[in-house]
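Colleague: These are the residues of each chain, in order.
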Amino acid sequence: MKMEILERDENSLRLRIGGTNAAFMNALRRIILSEVPSMAVDDVVIIENSSTIQDEFLAHRIGLMPLKTDLDTYNLPENCICKSEFGCNLCRASLILDVEAEDHTITVYSGEFKSENPATIPVSGKIPIVKLAPEQKVRLEAYARLGKGEDHARWQPVSMCAYKFRPIVKVDSKHCDLCGACVEICPKNVLLKAGNKVEIKNSDNCTLCQDCMDICKKTPKAVEVVWDENSFIFSLESTGALSPERILSEALNILDGKLKDFLEQFAGKENEK
Amino acid sequence: MHPTHWGRLCPNETPEGSNCGLVKNLALSACISVAVNVEKVRQVLYPMGVTPAPDSNRELRLSGAKIFINGSLIGHHPYPSELVSELRDRRRRGEISSEINVAHFKTMDRREEIYVNCDEGRVRRPLIIVEKGVSMLQPEHVEKIRSGEWSWEDLVKNAIIEYIDAEEEENIYVALNLDAISPKHTHVELSSYTILGICASLIPYPEHNQSPRNSYEAAMAKQALGVYTTNFIYRVDSRSHVLHYPQISIVKTKPMEILGYNHRPSGQNCVVAIISFEGYNMEDALVFNKASIERGLGRSTFFRIYEAESRQYLGGLKDRFIIPEAGIRGFRGEQYYRLLESDGIVSLEASTVGGDVLIGRISPPRFLEEYKEFEVKGPSMRDTSVDVRQSEAGIVDDIFITESNEGNKLVKVRVRDQRIPELGDKFASRHGQKGVIGMIVPQEDMPFAESGIVPDIIVNPHAIPSRMTIGQFLESMAGKMAAARGRSADGTPFVNEKSSEIKQTLKDYGFSHTGREVFYSGITGEKFVADIFVGIVYYQKLHHMVSDKVHARARGQVQMLTRQPTEGRARGGGLRFGEMERDCLIGHGAAMLLRDRLLEESDKYLLYVCENCGYIAYFDIKRRAYVCRICEDDAQISPVVISYAFKLLLQELMSLCVAPKLKLTERA
Amino acid sequence: MNVKILNRKENELKIEIENEGHTFCNVVQKALLKDKKVDLAGYSIPHPLTANPVIYLRTKNKSKPETVLRKAVAKVQKDTKSFRAAFDNALKVYKDQATL
Chain A
776 MKMEILERDE NSLRLRIGGT NAAFMNALRR IILSEVPSMA VDDVVIIENS STIQDEFLAH
836 RIGLMPLKTD LDTYNLPENC ICKSEFGCNL CRASLILDVE AEDHTITVYS GEFKSENPAT
896 IPVSGKIPIV KLAPEQKVRL EAYARLGKGE DHARWQPVSM CAYKFRPIVK VDSKHCDLCG
956 ACVEICPKNV LLKAGNKVEI KNSDNCTLCQ DCMDICKKTP KAVEVVWDEN SFIFSLESTG
1016 ALSPERILSE ALNILDGKLK DFLEQFAGKE NEK
Chain B
1339 MHPTHWGRLC PNETPEGSNC GLVKNLALSA CISVAVNVEK VRQVLYPMGV TPAPDSNREL
1399 RLSGAKIFIN GSLIGHHPYP SELVSELRDR RRRGEISSEI NVAHFKTMDR REEIYVNCDE
1459 GRVRRPLIIV EKGVSMLQPE HVEKIRSGEW SWEDLVKNAI IEYIDAEEEE NIYVALNLDA
1519 ISPKHTHVEL SSYTILGICA SLIPYPEHNQ SPRNSYEAAM AKQALGVYTT NFIYRVDSRS
1579 HVLHYPQISI VKTKPMEILG YNHRPSGQNC VVAIISFEGY NMEDALVFNK ASIERGLGRS
1639 TFFRIYEAES RQYLGGLKDR FIIPEAGIRG FRGEQYYRLL ESDGIVSLEA STVGGDVLIG
1699 RISPPRFLEE YKEFEVKGPS MRDTSVDVRQ SEAGIVDDIF ITESNEGNKL VKVRVRDQRI
1759 PELGDKFASR HGQKGVIGMI VPQEDMPFAE SGIVPDIIVN PHAIPSRMTI GQFLESMAGK
1819 MAAARGRSAD GTPFVNEKSS EIKQTLKDYG FSHTGREVFY SGITGEKFVA DIFVGIVYYQ
1879 KLHHMVSDKV HARARGQVQM LTRQPTEGRA RGGGLRFGEM ERDCLIGHGA AMLLRDRLLE
1939 ESDKYLLYVC ENCGYIAYFD IKRRAYVCRI CEDDAQISPV VISYAFKLLL QELMSLCVAP
1999 KLKLTERA
Chain C
178 MNVKILNRKE NELKIEIENE GHTFCNVVQK ALLKDKKVDL AGYSIPHPLT ANPVIYLRTK
238 NKSKPETVLR KAVAKVQKDT KSFRAAFDNA LKVYKDQATL
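Residue numbers (the numbering used here), protein chains in the order written: chain A, 776 to 1048; chain B, 1339 to 2006; chain C, 178 to 277.
Just so you know, these hints were derived from the structure itself, not from any lab.
Don't be surprised by glycine CBs; every beta carbon is placed ideally from N, CA and C.
Everything hinted at is true.
Restraint ranges, calculated between C-beta atoms of paired labels, are given here:
#1 A:988 to B:1370: 57 to 65 Å
#2 B:1848 to A:891: 40 to 48 Å
#3 C:193 to A:865: 28 to 36 Å
#4 C:269 to A:865: 28 to 36 Å
#5 A:891 to B:1691: 32 to 40 Å
#6 A:1028 to C:185: 25 to 33 Å
#7 A:914 to B:1746: 31 to 39 Å
#8 A:1028 to B:1838: 49 to 57 Å
#9 C:222 to B:1760: 16 to 24 Å
Model the full assembly from the supplied sequences, consistent with the hints where possible.
Modeller: See the structure below:
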């Protein structure tokens, strides 16, 4: 399997991968979306809420805040040794919000949460939670837990995770009449009319829409767009809860775990029979 | 429809079904005339040369034009055309009321008539006056309005705009827009989209839809949830819905701004893909993205008011708000009163389910007067508490304690229930494409594009061909374009952003000009062979939600009069097995099933009939037997199985002095 | 996950897997289909809200379905290992280039 990092920064990652198949890439993508755990608020105990939005609305918003996740310190609640519904400090982190508007309307931002564990804080402190008019108050305790995207979207560690087949764009200069229609129609500006031929500027940008092939009036078509079934361009953007590399690594672990688990179970059941 | 409806009545906004065409809605620019004193008009006309009817001589009556005010003949005039243009000039100058409209008819045999109308109830519409091929509305006037120096009335006063009713419209020649003005035109339309009414003006690209689809949307816009008024927290509406995250539609129409719809929008912009998905969006069902719903798509809250008044009765008796004690008549059980505080009213933010008591109240027994007659001490107080409706649940949102008109203590409790979209909730786009959620699919199963975009809603392509709602396609592409360029799109009827512009802008921002995108299956990971049409469409949540409708009954309450099951979900009723359903069973020959439905499960009744005379026999307590009053000893009483409704019919006939006799034969 | 063997015949094997979905079954199915010894391989999830997926496998000739299944799963495990190695390598290359 070959891999090359095309883009990378704090929260996003773009890779070119060769030597694998769509089912495998899809399995990874699905695991990243639904089974890589991250931290998010699960329970909100509201002590006082005189704001204009009702308790459950407020709790919904708090739950959707992405929290910085420390996968090594915390356990998934179902796997935690404490086995209690309320949780212990190994599977639960608490954040407290205590705000009151004094003499003018304020917007309460996510940065005003105080966390018992300085590592588990909202990824961004600028997420507006609620607006309070003078004399309105909100006091609550939020309990965050590790969870998976398959349970609720607030535990999805990524804002986006997708891939495409690696495009192969070919221009047949013998048949091309330089009408330039394909250059015009391409939304990603993959083709370029240079001098007396049509050149391919950046085939990786191609979306495989094949609009250029549709508009070419020649038979056989002078431009051809196909894709390599075993090469992919994969990108993901994290919410900030985890680093993209960590997300990928966890996804691979989880996939590995499933396969191993299956083999063990299968061997066991076989012996039974 | 009649040609005069143009600009006066909305062509699309009318209800379906029995009221179709009977209930109409005014168009946007139309207004209704208010009366002007007829005498005043007469006093204007006579000096202008109108000879009053009794005074006109034969010649004038034959050659001159007849002048009518509000349909009554008042006189004649020799030069009608001059009279008409003078009247209109005076109206434009402000010398006579602008409510007056003048119509001039030249009939076939050259006898002209002038109709002057000043009565109330005429639908009139404003038009810009055109003189000698030039519109009276010039850029400087527009500037004055924009700066606030001039208002609408100033335009009318300065003879730039005048109101025309249906009769006067016969004499004018209206240009559709400024470009179409020729020297022959007398007026020009303000804007062509004012022919629509309020609800139809919310539809983007309506001229591309089949007309009935616009009518359906005009009806559904009234069922959409939004924030109906910002003070809903202080109001005590008996039922209300509030959408949590309303959005202004990204494809707007110009009338929306004017109507203020954008201050209280009633829907959300959704990423909509058109693809058959796993068979769960057949027959107009929609497939929703589970993650989108979890992030708040389509969430709403339902509020309901329960009220109780502590009335005062004769004799100093009155109701009391209190937690009823176990001995009281009608005591429900201790658990139902668990949420009440010491004053008998439920505590705030308490979580309630169907049956829980919200306001504990005890009332004195009814008909206490009758008991006093017999010197028997009447029964004690009974429980008349107000409880949560059986099929509903919620959290107590607010409590209002006040006084009724008679001075009695009045308690109103508002209960709220968060409604998260579930299977069965009804949603619709703005093109008459309504549908119920058929499946909620996890985000990873959804088709995804290279950019990671995943649809919020998946619509079945079969919903399009027969309905011909091309407006939805255009809205989808315009929405995508608007999202890409960061500026909303204009979908106003007749003056919208054309599809060629949309396609070019889509291409500029990196999308295919077809509106389709390459999608990969979320389940297999393979690329779909065909590109999928996807865009942003404004979807509305309608207030038909499944939790308000789901209902089941095995056995339950029956009505007193007919002993048949009660009607209505709130009363735990049964569903009617109607005449047509009965016909189906007859057609199948399912006699036993028919009997089961109509007798066993409904109002089966054993009636004792005297075979001799055919009348109903009654049970004599002292003799412990059924006797027939009429036949006494000849009586032969036999039981018959009938429906109670039939026995009721017999008794009703008897009350009309008609004698229904039953002839019995031995059971075969 | 919980694996239940539903049916086992000559060359056929039908297993039910609890608490898994398309994520696991699809990648196993595709790996099975690559194997030439496999005659039929598929899975079905009768209804997303209720049932568990069922994988069905039929092999050709003398091959035992269990072996083939184990081989396919092992192949996918190799893929994950290879992916991880390739990624670590790519990351190293990227970081080296960045420092240059």
